[in-house]
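Those protein sequences? They're chains P and F, same order as listed. Here the first sequence is numbered in the working numbering, starting from 11 and rising by one per residue. Here the second sequence is numbered in the working numbering, starting from 11 and rising by one per residue.
Careful, some of the hints might be misleading.
Heads up, the list lumps identical chains together, so a pair's fine if it works in one copy or across two of them.
[To be verified] Derived lysine to aspartate or glutamate pairs resembling DMTMM-like cross-links, with alpha carbons at most 25 Å apart: (1) Lys42 x Glu160; (2) Lys172 x Asp96; (3) Lys341 x Asp303; (4) Lys39 x Glu160; (5) Lys172 x Glu113; (6) Lys341 x Glu280; (7) Lys320 x Asp117; (8) Lys172 x Asp257; (9) Lys172 x Asp259; (10) Lys172 x Glu291; (11) Lys226 x Asp259; (12) Lys320 x Glu241.
Note that these hints are calculated values from the structure, not bench results.
2 protein chains.
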Amino acid sequence: MRSEVVDKMGERRKVVILGAGFGGIAAAKALKAAPVDVTIIDRRNYHLFQPLLYQVATADLSPANIAWPIRGIFSRQDNASVLMSDVQAIDLDAQVVRCAGMEVAYDDLIVATGARHSYFGNDHWAEHAPGLKRLNDATEVRRRVLYAFERAEVAETVEEQKKRLTFVIIGGGPTGVEMAGSIAELAHVAMRRDFRRISPSDARIVLIEAGDRLLKAFPPELSDKAQAALEKLGVEVMTDTRVQDIDADGVSFEGGQIAAETKIWGAGVEVPYLGDWLGAETDRAGRVVVNPDLTLPGHDSVFVIGDASKVPWRDGLDVPGIAPAAKQEGKYVASLLLDRLRGGSRPQPFVYRHAGNLATIGRHAAVADFGRIKLSGAVAWFLWGGAHIYFLIGVRRPLLVAINWFSSYMFHSKGARLISGLTPKERRQKGEDTETRGA
Amino acid sequence: MRSEVVDKMGERRKVVILGAGFGGIAAAKALKAAPVDVTIIDRRNYHLFQPLLYQVATADLSPANIAWPIRGIFSRQDNASVLMSDVQAIDLDAQVVRCAGMEVAYDDLIVATGARHSYFGNDHWAEHAPGLKRLNDATEVRRRVLYAFERAEVAETVEEQKKRLTFVIIGGGPTGVEMAGSIAELAHVAMRRDFRRISPSDARIVLIEAGDRLLKAFPPELSDKAQAALEKLGVEVMTDTRVQDIDADGVSFEGGQIAAETKIWGAGVEVPYLGDWLGAETDRAGRVVVNPDLTLPGHDSVFVIGDASKVPWRDGLDVPGIAPAAKQEGKYVASLLLDRLRGGSRPQPFVYRHAGNLATIGRHAAVADFGRIKLSGAVAWFLWGGAHIYFLIGVRRPLLVAINWFSSYMFHSKGARLISGLTPKERRQKGEDTETRGA
Chain P
11 MRSEVVDKMG ERRKVVILGA GFGGIAAAKA LKAAPVDVTI IDRRNYHLFQ PLLYQVATAD
71 LSPANIAWPI RGIFSRQDNA SVLMSDVQAI DLDAQVVRCA GMEVAYDDLI VATGARHSYF
131 GNDHWAEHAP GLKRLNDATE VRRRVLYAFE RAEVAETVEE QKKRLTFVII GGGPTGVEMA
191 GSIAELAHVA MRRDFRRISP SDARIVLIEA GDRLLKAFPP ELSDKAQAAL EKLGVEVMTD
251 TRVQDIDADG VSFEGGQIAA ETKIWGAGVE VPYLGDWLGA ETDRAGRVVV NPDLTLPGHD
311 SVFVIGDASK VPWRDGLDVP GIAPAAKQEG KYVASLLLDR LRGGSRPQPF VYRHAGNLAT
371 IGRHAAVADF GRIKLSGAVA WFLWGGAHIY FLIGVRRPLL VAINWFSSYM FHSKGARLIS
431 GLTPKERRQK GEDTETRGA
Chain F
11 MRSEVVDKMG ERRKVVILGA GFGGIAAAKA LKAAPVDVTI IDRRNYHLFQ PLLYQVATAD
71 LSPANIAWPI RGIFSRQDNA SVLMSDVQAI DLDAQVVRCA GMEVAYDDLI VATGARHSYF
131 GNDHWAEHAP GLKRLNDATE VRRRVLYAFE RAEVAETVEE QKKRLTFVII GGGPTGVEMA
191 GSIAELAHVA MRRDFRRISP SDARIVLIEA GDRLLKAFPP ELSDKAQAAL EKLGVEVMTD
251 TRVQDIDADG VSFEGGQIAA ETKIWGAGVE VPYLGDWLGA ETDRAGRVVV NPDLTLPGHD
311 SVFVIGDASK VPWRDGLDVP GIAPAAKQEG KYVASLLLDR LRGGSRPQPF VYRHAGNLAT
371 IGRHAAVADF GRIKLSGAVA WFLWGGAHIY FLIGVRRPLL VAINWFSSYM FHSKGARLIS
431 GLTPKERRQK GEDTETRGA
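Extracted from the complex, chain P is given alone in its bound form:
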């Protein structure tokens, strides 16, 4: 059957896209009318709307609200086929992608494999402080957060109860800020009536940031507003605090430690494998250094986009690792390929248009930075909500998702508040590790 893949695509130019994130999807969609055969390869069968991942982690949304089967997105794009498979290697000379069980030949390759969270060499922290990149991560965090309250309810000592009601989030970027705000509201508002022996509002939520302010990518005044908003929600913000160790008992840092059953990692990301696969130069995070037209140096037909690539922007900054940037890069590469098919000359280099930064703090506060315009509070929040709904348009049933999202979000619905997976007993019987399953 292997040959079949090649045969089927023999006549037309074969564009292979690795990864069905925002960048890969945008590139594939922009090639809809092109006389090429597009193959999207992803190890998952769904596209994940990562900006809302933290809301699954805090049970505001269900996995199905933020994930859409890739096949569904392309079921009506006849020049696109989807393969669910693990990429194991890329052979640049043979122009072949090696997957589990098969090889896929390409004429043009778009690498949009994204990033994963990084523990900066302390991988043993992973079991104690899961990150938030995959759907599995979100449901695992959700399980831990909800289960912590359940365990606090049956705690036998006050110390135990305190520890089980303490949540430490490491990393003051958007993910950390959004997680801290959401957990605070889950504890202080949504679940306040649910328990009899504990009061969820006693929960202690601590956000630890190594730098001197939250949301480094934002202007300082917005960092201050974000911190103020979090503190108003009862979150303890600790800046200039570098974590030294994370274990089952809690988090330790210079000058102290916090006993906490639930730890969440939002501190850093890295790009695995690509440097080796492509024999390419990368930065310390593993992001591939690309040409101004997003091609891999020395390989005009290989592109690296989204979180996987390092693209200079302005003021010594790189293009940020956010959805709009990945989408712009995906569309740019598609237009470049179309231009080449038309025999076009060397195209303009990729130019990133920054729409702005948005971060939400709980339900009714947010900070927004649109360059000249800087907003915070309710106005920013509605902007943020609008931006997400806008993103959702174009996926299936946006209205239903919007209804569900708004209703969950505004009315603290409990529908998604499920502790997934096996019961503690079953987990013990299976010698289950801390990893749980998503969706």
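Chain P is fixed; fit chain F onto it per the hints.
Relative to the frame of chain P, chain F by itself:
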């Protein structure tokens, strides 16, 4: 803290309910106004709407559509507290329930722990043919069904592809009938445009029943209608066929075997533990034999209800293991307890009022048996839909659930079509068994 449980409830009568299924929830709600303290103990944090479980298994609904956190259901019932814990033993003399990490004393005990599926002593079949009782089961079946199509798309031989597109359901009861119909529609309608190398409509769906007809609990003419409706959907129905073995390659029975990657078990249920816990007489399925007032013989303050108990009905039949029966029994026990509090005399024995049987076959056919009235086809289907929506009323956000359910159900939405859990690679790395995680 252990003593706290007892202290808090010291003055008032302590009613402990084991299991938050239909029976347990109904009993607890019916005690809302009673001068008693109700404690609901469940190893999960959610109530599961089991009649729709098969729709999660076939990706028509998401786990959050059919599961509601127990605490949410009782957050406004101040005399009810919820403990998420594994029951390990019941001490009838000390009137104490032993849970992981704590003991809970009771004056009255309502055992509503339900049933689980049974392999009739062939437990090694479990890994090859998951049943459909827990949310985890449903997401595992969903994962297997969806992943089978993905694997067929990349199959290297025709035999392999055929095997991966063959689905065998064992057991011709409502679960088996509903699963077979849903998988047929998933393959023949919902996913028909999603693949490029295979045609999901080539999928072979086989329903195997040991008895001489489907839906034994229904009148014969409805069994025939159900079989006709399934065959119209392209399901092969094999009655009078007793399964002899199930392994990774397929299912074998007297006179043949079927190579199938996906096998689903819907053949039987059993009640674990209770016979030992209660030192009680049980039937072969482990269901506890109770008095006409649902008390455990010799223990006026211990009740066993729902799937966990064997209650005679009529014509030598027992009360069926369906949601309405469990709810009626829960309400009956609550009223009996209220009667006792008022110093009432010995109450009337429990009398089951049978509303009827309903089973759905795919999207637009169903069979309904209301005694005199027997329906099939579209009318029965709308009745069935109405019955489910009616059940949903009383849980949170019934409208949203109804919208989501109807839209998913009528429009073949793909939102829930997620392959949960780790990627095959990750599963291998973790030496992962076949069990996956729910919700």
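Violated constraints from the hint list, given by number and in increasing order: Violated hints: 10, 11, 12; rest satisfied.
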